[in-house]
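> This is what each chain is made of:
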Amino acid sequence: MKPSSAGRASGDEPRTDRELVYAARAGDTAAFDALFYRYRDGIFRLGLAITKDPSAADEIVVDAFARAHRALARLEPDDSLRPWLYRVAVNLSYNRRPRKNIVLSSLEDAADLALASEESPASLAEQAELRRVVLAAVDLLGPKQRVVVVLHYLNGLNLAEIAEVVDCPVGTVKSRLHYALRRLRTHLAAHPELGIEPTRPLLAIGLRTRRPITAPVRIEGE
Amino acid sequence: MNLFARGCRSWQLPYTAAIDGLSPRQRLELEAHAMSCVECADALRHAFKVDAALHRAFAPLRERRAQLAPGRVRLAANQLPRSSSAWLRAPAFFARLGEFTVAFGVAMFAITGTLGELNQARAPQSPAVTGQPPRTVVSNEQIDVDYLRLRAQDERKARAFTSRYDDEPVEIVIPMSPRFR
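These protein sequences, in sequence, are chains Z and G.
Per the numbering used here, residue -3 is the first one in the first sequence, and the count goes up by one each step.
Per the numbering used here, residue 3 is the first one in the second sequence, and the count goes up by one each step.
For reference, chain G alone in the conformation it holds in the complex:
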């Protein structure tokens, strides 16, 4: 006994008959077959009941009509005729120009503001901002206290820090009174 067999091979035909999907010959064959097959007779009867219920349910909807004019379609398709006069188009042109100018100004303000912040972050901070004392160029070891002049630097080192017009080491000579000589 095969309980899970599909059963009658014509199992799909009754519902197809309900939707006018059969040829006249197939309908006659199905009618004859349904006289001997309980399953197909039952399916056929209920298929037509479901079909009738669906026809009844959709009947009021078939009477519904749209209250629309073709002008709305043209409006949606942007097919309204444009005015030919330049004077009539001028307000719209200037309105669009104003919108564009405002948008451009806002964009430039945002861009320059952002770039300014970046440059400020990259630039060295002044001592007034950092709060540290300014570093002296000449250290204390370089100053000859006896003569109040700068000590002669190593020539190679000094040459490295001097420009082409300042070849000799810098020497600051302060005239002293004859009493100390």
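The shape of chain Z in the complex, shown without the other chains:
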């Protein structure tokens, strides 16, 4: 069965998660398959980022959907099943200990990247090294901060969705991300090639006195 056609109704309109859940509850296996294809990759990436083990990430995908299948009778998604599935996946991921000395990006991926890219091998190697440094710094974060970083930067969830997944207020998610970025800045400051400086001490910034800045500071993305 094609994943593209499974989640579509007769009017070529993609069916919502709620509709698919009700159809699967009534015995429509195609509806459950559509849910599977819709969220399979996201859960796989989440499991991979936390466990660093592709086979463990596969098991997490299977376990998460098996639980969803068993819980079909009592699932009542308002709009999207994603927060529920991701919450299950986060719990399953943390139940599996990450194995050490396993590289996140496999050799096949590196080879594909090199073939697809126009950049020189030296440049690609440098980028891979920088990625490794940043991911190693993410690993140094605490579990609560790490999971919000992964959900935001890898799975692309916004703050409200993350709050639903980790079951806490949006303000708490903001706070965790704030402290995570501050800690990452401290860790990454040890690598000058990233151009990140450590947080300045009080005396270094003039005892926090306000001084006028000549050049305006623009917020990116506007």
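No lab work stands behind these hints, which were simulated from the structure alone.
Don't be surprised by glycine CBs; every beta carbon is placed ideally from N, CA and C.
Wrong hints could be hidden among the right ones.
[Claimed, not checked] Heads up, simulated DMTMM-like pairs for lysine to aspartate or glutamate below, C-alpha to C-alpha not over 25 Å straight-line:
#1 48(Z) with 135(Z)
#2 140(Z) with 15(Z)
#3 170(Z) with 55(Z)
#4 48(Z) with 160(Z)
#5 51(G) with 33(G)
#6 170(Z) with 160(Z)
#7 51(G) with 189(Z)
#8 140(Z) with 189(Z)
#9 48(Z) with 157(Z)
#10 48(Z) with 163(Z)
#11 48(Z) with 125(Z)
#12 51(G) with 135(Z)
#13 140(Z) with 163(Z)
#14 51(G) with 49(Z)
#15 51(G) with 31(G)
#16 170(Z) with 44(G)
#17 48(Z) with 65(G)
#18 170(Z) with 33(G)
#19 48(Z) with 37(Z)
#20 140(Z) with 49(Z)
#21 170(Z) with 31(G)
#22 51(G) with 122(Z)
#23 51(G) with 125(Z)
#24 140(Z) with 157(Z)
#25 140(Z) with 54(Z)
#26 170(Z) with 193(Z)
#27 140(Z) with 55(Z)
[Claimed, not checked] Just a sample of chain G residues kept apart from chain Z, beta carbon distances all over 10 Å, derived:
#28 96
#29 99
#30 103
#31 106
#32 118
#33 121
Add chain G to chain Z, keeping to what the hints say.
Positioned in the frame of chain Z, the structure of chain G alone reads:
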């Protein structure tokens, strides 16, 4: 001079701005504030650098895809269709029955073995096992050597040891030759 003061009250906003956690109005206010606050300008600049580094680091992972089919989920959820024919289910039934019988036999063997050992420990040991001679019921003082008969016991004591059909004390009389009379 207060060296340990927290400093600028907007200290958390630059990092929140980097994760799109501010409203447009708050972003404009922060931008205006950063023009006069060294600390917030520095935090804002580096927050966006860390944000960009994280986006770059997670980019290859975002391309990873799972190579899984929904059949594995059904397998895990035990949702495979069961065969409807009783003949096809028979081997599995007898295999399960055999497993159960073996398990039951092993359990019974263990239980009876344990109970047997307990009973053996509780039962009196035979003289052959203990190595002591069997005790005689009648002691030497009770035997009248002259007449080779048992002495009459105290009636109360004897009654205590006799049954209802054996009221009188036991007397063993051995006929002697007339020469000794």
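> State for each hint whether it applies.
How the hints compare with the structure:
{"no.": "1", "hint": "48(Z) with 135(Z)", "verdict": "10 Å, holds"}
{"no.": "2", "hint": "140(Z) with 15(Z)", "verdict": "33 Å, violated"}
{"no.": "3", "hint": "170(Z) with 55(Z)", "verdict": "31 Å, violated"}
{"no.": "4", "hint": "48(Z) with 160(Z)", "verdict": "24 Å, holds"}
{"no.": "5", "hint": "51(G) with 33(G)", "verdict": "16 Å, holds"}
{"no.": "6", "hint": "170(Z) with 160(Z)", "verdict": "13 Å, holds"}
{"no.": "7", "hint": "51(G) with 189(Z)", "verdict": "12 Å, holds"}
{"no.": "8", "hint": "140(Z) with 189(Z)", "verdict": "28 Å, violated"}
{"no.": "9", "hint": "48(Z) with 157(Z)", "verdict": "23 Å, holds"}
{"no.": "10", "hint": "48(Z) with 163(Z)", "verdict": "24 Å, holds"}
{"no.": "11", "hint": "48(Z) with 125(Z)", "verdict": "17 Å, holds"}
{"no.": "12", "hint": "51(G) with 135(Z)", "verdict": "18 Å, holds"}
{"no.": "13", "hint": "140(Z) with 163(Z)", "verdict": "12 Å, holds"}
{"no.": "14", "hint": "51(G) with 49(Z)", "verdict": "28 Å, violated"}
{"no.": "15", "hint": "51(G) with 31(G)", "verdict": "21 Å, holds"}
{"no.": "16", "hint": "170(Z) with 44(G)", "verdict": "20 Å, holds"}
{"no.": "17", "hint": "48(Z) with 65(G)", "verdict": "15 Å, holds"}
{"no.": "18", "hint": "170(Z) with 33(G)", "verdict": "19 Å, holds"}
{"no.": "19", "hint": "48(Z) with 37(Z)", "verdict": "15 Å, holds"}
{"no.": "20", "hint": "140(Z) with 49(Z)", "verdict": "20 Å, holds"}
{"no.": "21", "hint": "170(Z) with 31(G)", "verdict": "18 Å, holds"}
{"no.": "22", "hint": "51(G) with 122(Z)", "verdict": "17 Å, holds"}
{"no.": "23", "hint": "51(G) with 125(Z)", "verdict": "17 Å, holds"}
{"no.": "24", "hint": "140(Z) with 157(Z)", "verdict": "15 Å, holds"}
{"no.": "25", "hint": "140(Z) with 54(Z)", "verdict": "23 Å, holds"}
{"no.": "26", "hint": "170(Z) with 193(Z)", "verdict": "22 Å, holds"}
{"no.": "27", "hint": "140(Z) with 55(Z)", "verdict": "22 Å, holds"}
{"no.": "28", "hint": "96", "verdict": "30 Å, holds"}
{"no.": "29", "hint": "99", "verdict": "29 Å, holds"}
{"no.": "30", "hint": "103", "verdict": "32 Å, holds"}
{"no.": "31", "hint": "106", "verdict": "32 Å, holds"}
{"no.": "32", "hint": "118", "verdict": "46 Å, holds"}
{"no.": "33", "hint": "121", "verdict": "49 Å, holds"}
Comparing the model with each numbered hint stated earlier shows that hints 2, 3, 8 and 14 do not hold.
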